[in-house]
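K.L.:
Numbers 1 to 287, taken from this note's numbering, label the letters of the sequence shown in order.
In case anyone wonders, no lab produced these hints; they're calculated from the structure. Keep in mind the model is a prediction, meaning the values are calculated, not measured. A virtual CB, placed ideally from N, CA and C, is assigned to each residue, including glycine. Watch out, some of these pointers could steer you wrong.
No more than 25 Å apart at the CA atoms, straight line, and that leaves these computed lysine-lysine pairs for PhoX-like [stated by the list, open to error]: (1) 172 x 151; (2) 150 x 172; (3) 172 x 157.
Per label pair, the in silico range of CB-to-CB distance [claimed, not checked]: (4) 55 x 35: 48 to 56 Å; (5) 249 x 151: 41 to 49 Å; (6) 42 x 172: 27 to 35 Å; (7) 193 x 43: 34 to 42 Å; (8) 17 x 195: 19 to 27 Å; (9) 121 x 168: 33 to 41 Å; (10) 18 x 124: 35 to 43 Å; (11) 138 x 176: 13 to 21 Å; (12) 55 x 121: 43 to 51 Å; (13) 98 x 43: 21 to 29 Å.
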Amino acid sequence: MTSTLSASPSGTFQLGGDLPVVRLGYGTMQLPGEGVWGPPRDRDAAIAVLRRAVELGVTFFDTADSYGPEVAEDLLREALHPYADDVVIATKAGLTRQGPGVWTPVGRPAYLRQQAELSLRRLGLERIDLFQLHRIDADVPLEDQVGELKKLQDEGKIRHIGLSEVDVDQLKQAQEIATIASVQNLFNLSNRSAEALLDYSEEQNIAFIPWFPLATGDLVKDGGPLEEIAKEQGATPSQLALAWLLRRSPVMLPIPGTSSIGHLEDNVGAAGIELTDEQFEALTNAV
Numbered sequence: 001m002t003s004t005l006s007a008s009p010s011g012t013f014q015l016g017g018d019l020p021v022v023r024l025g026y027g028t029m030q031l032p033g034e035g036v037w038g039p040p041r042d043r044d045a046a047i048a049v050l051r052r053a054v055e056l057g058v059t060f061f062d063t064a065d066s067y068g069p070e071v072a073e074d075l076l077r078e079a080l081h082p083y084a085d086d087v088v089i090a091t092k093a094g095l096t097r098q099g100p101g102v103w104t105p106v107g108r109p110a111y112l113r114q115q116a117e118l119s120l121r122r123l124g125l126e127r128i129d130l131f132q133l134h135r136i137d138a139d140v141p142l143e144d145q146v147g148e149l150k151k152l153q154d155e156g157k158i159r160h161i162g163l164s165e166v167d168v169d170q171l172k173q174a175q176e177i178a179t180i181a182s183v184q185n186l187f188n189l190s191n192r193s194a195e196a197l198l199d200y201s202e203e204q205n206i207a208f209i210p211w212f213p214l215a216t217g218d219l220v221k222d223g224g225p226l227e228e229i230a231k232e233q234g235a236t237p238s239q240l241a242l243a244w245l246l247r248r249s250p251v252m253l254p255i256p257g258t259s260s261i262g263h264l265e266d267n268v269g270a271a272g273i274e275l276t277d278e279q280f281e282a283l284t285n286a287v
């Protein structure tokens with residue numbers, strides 16, 4: 001591990017081919033209250049975590065209008081605006097909230113446009129660097145949903161378009177409508193159900209943003225591969241889970257989230273871990 005704690009050793013990726021980000025980012029989903037609903041338990045602590053992330057070299061921040069709702073975007077602006085030149089804010093629209101832990105897709109073009117405009121206002125931006133369709137609404141044609149994002153892009157209100165929780169066929173359909181810069185799917189060391197999407201994304205140089213990246217499942221059990229390699233590396237299982245993701249593909253942009261500075265620093269420590277070929281294979285084959 002590096003002597004100076006920094007996200008920089010994770011490397012960089014050119015989002016959309018023209019926007020550099022440090023690959024180990026930060027996700028804001030854990031900042032609002034329980035059930036991703038309402039204000040944070042400690043607003044000052046949430047602000048401190050975001051500012052500490054920037055100090056540690058994190059440049060890629062992932063959020064959504066539905067986190068709170070609106071809470072996470074407001075916190076980002078309060079903590080980081082005016083944004084440093086290298087800070088990239090990615091947000092999403094397409095999920096509505098009816099209470100704690102409740103999420104309902106809405107992909108009507110007028111709604112997506114409204115939410116983009118509101119995110120611009122809340123974040124204090126003239127253009128959103130990466131605007132992601134949070135979920136495909138099965139009741140609205142995909143071409144209408146992605147097509148509206150393409151219109152917003154053509155108007156200069158968003159720079160790049162992303163998708164969340166899609167399969168390869170859906171991504172290919174969306175690519176016929178607009179250039180897709182990123183996908184965000186559930187993916188981690190113990191759940192690789194989106195492997196085919198990751199492989200296709202790598203072929204297309206599309207950023208793959210794994211949500212829930214720290215899940216290790218049964219791999220943390222005593223005597224398991226994570227325990228052995230953690231001892232070899234002097235690292236935590238969570239750090240190994242992130243290091244494995246970073247090694248798995250050059251298009252991988254993990255966004256572990258936390259409301260604790262200590263946990264944030266632990267996550268950033270993963271950037272300096274270099275797995276040997278043998279360690280990487282052992283973790284890969286452990287599931």
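K.L.:
Look at each hint and say if it fits the structure.
P.N.:
We went through each hint and held it up to the structure:
1. Restraint check for residue 172 and residue 151: the C-alpha separation of about 19 Å stays at or below 25 Å, so the hint holds.
2. Straight-line distance between C-alpha atoms of residue 150 and residue 172 comes to about 15 Å, which keeps the hinted pair within the 25 Å bound.
3. With a CA separation close to 24 Å, the supplied pair residue 172 and residue 157 stays within the 25 Å bound.
4. For the hinted restraint 48 to 56 Å between residue 55 and residue 35, the CB-CB distance of approximately 29 Å leaves it violated.
5. At roughly 31 Å, the beta-carbon separation of residue 249 and residue 151 lies outside the given 41 to 49 Å, and the hint is violated.
6. In this structure the hint that residue 42 and residue 172 lie 27 to 35 Å apart at CB is violated, the actual value being about 44 Å.
7. The beta-carbon spacing between residue 193 and residue 43, approximately 36 Å, falls within the hinted interval of 34 to 42 Å.
8. Look at residue 17 against residue 195: about 24 Å separates their beta carbons, and that is inside 19 to 27 Å.
9. Between residue 121 and residue 168, the C-beta spacing of about 35 Å keeps the proposed range 33 to 41 Å intact.
10. Look at residue 18 against residue 124: about 22 Å separates their beta carbons, and that is not inside 35 to 43 Å.
11. The supplied range of 13 to 21 Å is met by residue 138 and residue 176, whose beta-carbon atoms lie about 19 Å from each other.
12. For the pair residue 55 and residue 121, the beta carbons lie near 27 Å from each other, so the given range of 43 to 51 Å is not met.
13. For the pair residue 98 and residue 43, the beta carbons lie near 24 Å from each other, so the given range of 21 to 29 Å is met.
Comparing the model with each earlier hint shows violations of hints 4, 5, 6, 10 and 12; every other hint is respected.
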